Amino acid sequence: ACQTQLQTAGEEAESQDRCGLTTAQLLDCHRVFIHAKSASASLGQLLLFRLRRLGIEAILLPSGGSEVLEGLSQAHSDDLVVLFSFSKVSREGRMILEYQKQAGYRTLAFTSRSYLPEPERADMNLFVYRGETKEYHSMTAPAALIDALVVAVSEKLGDKAVQRLSNLHRLKKAYDGNR
Numbered sequence: 026a027c028q029t030q031l032q033t034a035g036e037e038a039e040s041q042d043r044c045g046l047t048t049a050q051l052l053d054c055h056r057v058f059i060h061a062k063s064a065s066a067s068l069g070q071l072l073l074f075r076l077r078r079l080g081i082e083a084i085l086l087p088s089g090g091s092e093v094l095e096g097l098s099q100a101h102s103d104d105l106v107v108l109f110s111f112s113k114v115s116r117e118g119r120m121i122l123e124y125q126k127q128a129g130y131r132t133l134a135f136t137s138r139s140y141l142p143e144p145e146r147a148d149m150n151l152f153v154y155r156g157e158t159k160e161y162h163s164m165t166a167p168a169a170l171i172d173a174l175v176v177a178v179s180e181k182l183g184d185k186a187v188q189r190l191s192n193l194h195r196l197k198k199a200y201d202g203n204r
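According to this note's numbering, the stretch in the sequence shown is residues 26 to 204, in order.
By construction, these hints were calculated from the structure, which means they are not laboratory data. There's no promise every hint is true.
Unchecked claim - Derived Cβ-Cβ restraints for the label pairs, each shown as a range: (1) SER112 / ASP148: 19 to 27 Å; (2) TYR200 / GLY90: 30 to 38 Å; (3) ALA199 / PRO144: 48 to 56 Å; (4) GLY183 / LYS159: 24 to 32 Å; (5) ARG77 / GLY45: 16 to 24 Å; (6) SER191 / GLU82: 18 to 26 Å; (7) LYS197 / GLY90: 30 to 38 Å.
As the list claims (entries may be wrong) - Simulated crosslink set (DSS-like; lysine-lysine; CA at most 30 Å straight-line): (8) LYS185 / LYS198; (9) LYS197 / LYS185; (10) LYS181 / LYS159; (11) LYS126 / LYS113; (12) LYS181 / LYS197; (13) LYS113 / LYS185; (14) LYS62 / LYS159; (15) LYS113 / LYS62; (16) LYS126 / LYS198.
The structure presented is a predicted model; accordingly, all values stated were derived computationally and were not measured. We put the beta carbon where it would ideally sit given N, CA and C, even for glycine.
Let's have the full structure, built from the sequences with the hints guiding it.
Next up, the structure:
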């Protein structure tokens, strides 16, 4: 599923490599910090929700101001910071990419730009087509890519994912009288 979503961006072999590398980054890190603001906020919430259900520690960074730095200061070299920078890298996105040099964490960016200048590049950049420059920019493809990545992570986790979801289901059943 992940490979299918990435193929819309271009070369099949490259998309398979990116899917595998992205999945590995999500599984190999200690924690996932997510920065999403404005229209991307819903995508950040979706990623946060899905990763936590699988038992992956995910933290949503505040959308702006010095509060971003307060959250980011907790990120270490074994963490992954995900940012959404579709049409441009925000001021906060630039802070995340700059602070990476000092803190040593890895970065993953969702972008709709096929070319990124060096200072705006994350360690892994996932291209997601959202429409032409003066058209409506849909969030359908990025949401599908997030779901595809989570499915790929679930597949790699195998029985661990099933156990974590089953435990969550048992907790909901035990503490939510409507279930």
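### Query
Given the hint that LYS197 pairs with LYS185, does the C-alpha gap stay at or below 30 Å?
Between LYS197 and LYS185 the Cα gap is close to 18 Å, so the pair holds against 30 Å.
### Query
Hey, LYS126 versus LYS198, does the alpha-carbon distance stay inside 30 Å?
violated (45 Å)
#### Entry: Pair hint LYS181 and LYS159, alpha-carbon separation not exceeding 30 Å
Violated. LYS181 to LYS159 sits at ~39 Å, over the 30 Å cutoff.
### SER191 paired with GLU82, Cβ distance criterion 18 to 26 Å
With a Cβ separation near 19 Å, SER191 and GLU82 satisfy 18 to 26 Å, so the hint holds.
### Task
State, for the Cβ atoms of SER112 and ASP148, whether the hinted interval 19 to 27 Å holds or is violated.
holds (20 Å)
### Message
Given the hint of 48 to 56 Å, is the C-beta distance from ALA199 to PRO144 inside that range or not?
### Response
holds (50 Å)
### Message
Does LYS185 sit within 30 Å of LYS113, going by the straight-line distance between their CA atoms?
### Response
Given pair LYS113, LYS185 is violated - Cα atoms ~37 Å apart, limit 30 Å.
### Query
Within 30 Å, alpha carbon to alpha carbon, are LYS181 and LYS197?
holds (25 Å)
### Message
With the threshold set at 30 Å, check whether the alpha-carbon distance from LYS62 to LYS159 stays at or below it.
### Response
Judged against 30 Å, a Cα distance of about 21 Å means the pair holds.
### Message
LYS126 and LYS113 were given as a pair; does the straight-line alpha-carbon distance stay at or below 30 Å?
### Response
Distance of about 20 Å is within 30 Å: holds.
### Task
Starting from the hint 30 to 38 Å, judge whether the C-beta atoms of LYS197 and GLY90 obey it.
At 35 Å between Cβs, range holds.
### Message
Hinted pair, alpha-carbon criterion (30 Å max): LYS185, LYS198. Please report holds or violated.
### Response
holds (20 Å)
In this structure, the earlier hints numbered 4, 10, 13 and 16 are contradicted, and the remaining ones agree with it.
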